[in-house]
Every structure is written in structure tokens, then in C-alpha cells.
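As given, the protein sequences belong to chains A and B, one line each in that order.
Mapping of the first sequence onto the UniProt record's numbering: residues 1 to 255, in sequence order.
Mapping of the second sequence onto the UniProt record's numbering: residues 1 to 330, in sequence order.
Because the hints were derived from the structure by calculation, they are not lab data.
Careful: at least some of the hints might be erroneous.
[To be verified] If you only want the chain B side, here are some residues facing chain A, beta carbon under 7 Å, derived:
(1) ASP4
(2) GLN195
(3) PRO270
(4) LEU277
(5) THR280
Quick caveat, the model's predicted, so the values are computed rather than measured.
Backbone N, C-alpha and C fix where the C-beta goes; we use that ideal spot for every residue, glycine too.
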Amino acid sequence: MKPLLEVRELGKVYPLRQSFFRRTVFTALQPTSFQLMAGKTLAIMGANGSGKSTLAGLIAGAIQPSQGEILLNGQRLQPDNYRQRAQHIRMVFQDAEASLNPHLTIGSQLEEPLLFNTGLNQSQRRERVVHTLQQVGLLAEHMVFYPHMLSTGQKQRVSIARAIILNPQLLVADEALATLDSSVRAQIINLLLDLQQDLKMSYIFISQSPEIVRHLADDVLIMKDGRIIEQGAVDTVFDDPQERYTQSLLLSELT
Amino acid sequence: MLLDIRNLTISRDTPTGRVQVLERVNLQINEGEIHTLVGESGSGKSLIARAIMGFLSSNWHIQADRLWFEEHDLLTLTASQRRHIIGVDIAMIFQDAKSYLDPNLTVGEQLGEAVLDQDLSGRWLQRRKQRKERVIQLLHRVGIKNHESMMTSYAHELSEGAAQKIMIASAIAHRPKLLIADEPTSTMEPATRQQIYRLLAQFHARYGMSILLISQDLGAIMKETERLSMIYSGQLMETGPTRALLDKPHHPYTEALLNTSLYRQSQREPRSRLPTLAGTEPSLQHLPIGCRLGPRCANARPKCVQTPELSKLRDRAFACHYPLNLEEKE
Numbered sequence: 001m002k003p004l005l006e007v008r009e010l011g012k013v014y015p016l017r018q019s020f021f022r023r024t025v026f027t028a029l030q031p032t033s034f035q036l037m038a039g040k041t042l043a044i045m046g047a048n049g050s051g052k053s054t055l056a057g058l059i060a061g062a063i064q065p066s067q068g069e070i071l072l073n074g075q076r077l078q079p080d081n082y083r084q085r086a087q088h089i090r091m092v093f094q095d096a097e098a099s100l101n102p103h104l105t106i107g108s109q110l111e112e113p114l115l116f117n118t119g120l121n122q123s124q125r126r127e128r129v130v131h132t133l134q135q136v137g138l139l140a141e142h143m144v145f146y147p148h149m150l151s152t153g154q155k156q157r158v159s160i161a162r163a164i165i166l167n168p169q170l171l172v173a174d175e176a177l178a179t180l181d182s183s184v185r186a187q188i189i190n191l192l193l194d195l196q197q198d199l200k201m202s203y204i205f206i207s208q209s210p211e212i213v214r215h216l217a218d219d220v221l222i223m224k225d226g227r228i229i230e231q232g233a234v235d236t237v238f239d240d241p242q243e244r245y246t247q248s249l250l251l252s253e254l255t
Numbered sequence: 001m002l003l004d005i006r007n008l009t010i011s012r013d014t015p016t017g018r019v020q021v022l023e024r025v026n027l028q029i030n031e032g033e034i035h036t037l038v039g040e041s042g043s044g045k046s047l048i049a050r051a052i053m054g055f056l057s058s059n060w061h062i063q064a065d066r067l068w069f070e071e072h073d074l075l076t077l078t079a080s081q082r083r084h085i086i087g088v089d090i091a092m093i094f095q096d097a098k099s100y101l102d103p104n105l106t107v108g109e110q111l112g113e114a115v116l117d118q119d120l121s122g123r124w125l126q127r128r129k130q131r132k133e134r135v136i137q138l139l140h141r142v143g144i145k146n147h148e149s150m151m152t153s154y155a156h157e158l159s160e161g162a163a164q165k166i167m168i169a170s171a172i173a174h175r176p177k178l179l180i181a182d183e184p185t186s187t188m189e190p191a192t193r194q195q196i197y198r199l200l201a202q203f204h205a206r207y208g209m210s211i212l213l214i215s216q217d218l219g220a221i222m223k224e225t226e227r228l229s230m231i232y233s234g235q236l237m238e239t240g241p242t243r244a245l246l247d248k249p250h251h252p253y254t255e256a257l258l259n260t261s262l263y264r265q266s267q268r269e270p271r272s273r274l275p276t277l278a279g280t281e282p283s284l285q286h287l288p289i290g291c292r293l294g295p296r297c298a299n300a301r302p303k304c305v306q307t308p309e310l311s312k313l314r315d316r317a318f319a320c321h322y323p324l325n326l327e328e329k330e
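Looking at chain A on its own, in the form it has when it is part of the complex (with noise of 0.2 Å):
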């Protein structure tokens, strides 16, 4: 079986002061390999500025990358090609509330990615966006509504709908559970869990709750200083974390 995403040798450098006799640059990404398989989670675990936020948006495509190449169905990713990354790539914020834009009803919100992506008219386009929202949990009323009229939860599935709209095969999902509270948290768990049964879908889960990884990941990638120090499936690694750093990000996890 061929893996849906391929990543090769990725890494990124920015450059931090130039003159002329010299570059001096900050890595934020060590060149790292990795594979996921169709309708599997991969979680990504690390400290703050450990490169794991770089590395979803590099994978988004919101990053420049330095050097390797990104791999989907075997079909190289052209950095700088938005149309064919946005079909297949999407991605999940943290701040629901600040990933919407105020001034849109939601129902514009979601049909703008239809009105780039594809070459559907106004009514298969409104029809596609109630279906999106009903897949999410939420109503076709909710079309009309505007953003501050909603409660985080339901901004949260918004932002959901409007990365599956397109019917990716990749979601990339940076903290998207993080500041959300834990009834609301469990409620778009379950969502994610759902959406990824009906749709096939893989994720990428960038997070720092071991709890949340280990309920929701196949495999995990522990991420230090822009480097992977541990990777495979999530039960091996948290059960016998092989490097210090890896007990310590887990520690955190109750007992």
C-alpha cells in the first residue's frame, strides 16, 4: 500500500541576518522524513518552538519550504501551487475566533473555497454548504448567521466545515483543541472521529495533551528543536519512551 503523504527530507531555514561576507540563519525545521498511510491520525508532540507548528504549515503550504519535497498519492506538491494543495490540504486553527472573518455570514464563508476550488454553480454550491454544516452538527439556518453570534464550540465546527468542504484527503489540525473547553472539546473529538469514518480522511494533529494523542492518534512524531527524536505508533512511544525528553512531555499526563 502506497502512503497518502510522503514527506522527504523537508526543512526550513530562515535567514536571520545578512551581510556580505556572511548568512547567519535559524533553523526551524532539521530535514525530516516521515510517511502517513490513508485514514490514519499522525500526532505531532513537542514543546513551544520545537518546529511542529513549522512543520504543518509547511505541509500546508502557508510555509515556503527550504529544501526536500512533499509527496501526496506519489504526486509531487509544487510549493507555490495553492489550487492543488487547497484540494487535497486543509487546515484547522486554534483560534476558531480569529480563523473566521467577522464581516462574512457563514454561509459566504463557506462557499468561498467552493467559488475558488471549483466550477460549481450558486445552487449546487449552496446546496454543498448545507450539507457541510449538517455533517459538522450545525443547521442550514446557521448559513445567515455571522460569526460573534455563534458560541466557540460551534466557531470551532464552522472552521471544521470549512476545511472538509472540499472533500480533502488531509487535515491538518494546528492546537485545534486546545482553548477549547472540555465539554465542547469532547464534542468535536467526537466530530473529527465521525467525519474521519464517513470520509476516509487522515489527520495530522498537532497537540500537546497526551491524552488527546492517545486517544486519537495512530502514530506520533515527538519533536525537539526542530528535529524528530522519536516516531511510531503511539502506544509503543508512550508506553516506553525511549528519550528523556519524551517521559518528560508526558509526565504531564494524569495518572
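Guided by the hints, dock chain B onto chain A, whose structure is given.
Chain B alone, transformed into the frame defined by chain A:
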């Protein structure tokens, strides 16, 4: 009893009439106790803290049968009397520590302001030196070893954990009897959270300082917490000793939060659906009558449209007509 709150009601005028944001909440804190108040965002838990501190502006209406700190009735005090008591005996730390530090002053200058004059023994000319020594001592106490560089730093140069430590240092500068911590760690990564909790527990053990910890998540509370209070949508749901409450919750809301907080995760299949409350938290304009959990509660019955009284059972209390886990009563 250090803090005694009985039937605290906080309401606010809205275009559609006065809304009781907080409805008849009881809270008692004994001396030297760590008490955690758990509630989801918008449940009014920060309002309680703000009412104690007197931070609420005049468009909030506070009524209470009792709002006592030690022997002082906080409701009848004038602003200056209140400041006198609260400034010395109660301290508060906040969620986003960085935004509560003064961006124009260095850490050393800010902490210097927090040191009280009566703590300095020397004459006028020696005070400057003493103040500095005291600041260094405070920094060491919150676990910051490189005091030299820290004292000349500005707020924007600090990490979140360091900023919160500075907040704690200035909060404990005059050894308060009660420290109110309003979600001090909710935006921190788990390792830093543990550090801050360890620090708080240390001060609790060393000075017998009481702590009122306000938390969003049952999964992220201090393990030293002696008592827990659950609050939902402005109503007190349940209160009691931590262990008993977590092992055998009487209120359906506690049970639901326990299930969703991944606290009991070891008993659960990975990738299974989590049991959770249906629906969303009611908005202030559409508060349900009676028990506000009613519309979302799994075992709600017609009687739940009457607000349940707080029933006491040994050292626990709960507000529910149909409590769970009550075998011994039958």
C-alpha cells in the same frame, strides 16, 4: 473561615432586562485550604473572583447574604477601607500574565513597587538597597536564579512561564492570606503548568496561604486541591472534597465533565466516542429557568424547571433534584 460567601447574586442590565449572570452561589474557604473552582468559559467563575476583589464596575449589581473576608463584610466597606484589607491580605494572579505586567517598567522596578514599606527595617537612605535585596529574595523564591538579567528585563522579553512567576512573586510580596489564581496556567504548555502548580503548592505549604484556583478544565487542576466547586452557567452545581467528588459525583454535571475531560481515560478504548453533554452552553439572553443545566442534562425531568436548593450531605453539597451515586441513603 477565611472567606464566606452566601447566596452571591451578580446581575447586569441588558436591553432585554436585568439578567442574573451569577445566581445564588455559595463558597466557603477555610484558612490554609486550596479550593478549586471549575467551570467552563462564560460560567461566571471569574466574576466571583472579581466580586471578591471589588473589580466590578458599577453596571454590575452585586447582592449577597454574606460576602465576608475574615471579620470584614466586603459589601459594606468603602473603597479605601476595602483596598486597605485587600491590598495586604488578598492577592490575585491572572491568565495572561504578560498583559498584566507594566510594559514600561523593568521587572525589578515593578517588583520593587510591590514591596511594602513596613517590610523594610532600615532608615530612609538604606531603603533603596533593602528594597533591591528583597526583590532578589522574591525572585529566588519563585525559582528564578539569574536575578540580575531578570530584573533588567521588560515584560515583552519574558516567556509566559517567567511572566507568571513574576506575577506570583509580586503577589506573595506581602504574604497574603488568600491568593486568587484565575486560570493562571490555561495557555501554558503542560510542563510549565506543572512548574507553576509546584510553586503555588510550595507557598501553600510554607506559609499556609489559602489558594482559590479557578480552572476551566477538570483535567488540569492542582493535585493538592482539597476542595472542588463546580459551577455551570452561573449556578453552583456541586461542592465537596476533591477525592470524594471525583470518585462519586452526585451531580450530573460533574459526571459529564469528568467523562469529557479525559480524566478517566485509562478506562476508555482509544478512538471511541466520548460521552458528552448535548448542545451548547446557553447564552445570557436565553437562560433556561430552574436548573440551568436542565436542557442539556441526560436525566432531566419536569421538576428541574424549579431551581434545586443546595442539599448538604456531610461535607458535600449539591444542587440537583435527582442526584447520582447516593446508595447509602436508600
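To see whether the hints hold, each was checked on the structure:
no., hint, verdict
1, ASP4, "29 Å, violated"
2, GLN195, "11 Å, violated"
3, PRO270, "6 Å, holds"
4, LEU277, "5 Å, holds"
5, THR280, "5 Å, holds"
In summary, the numbered hints that this structure violates are 1 and 2.
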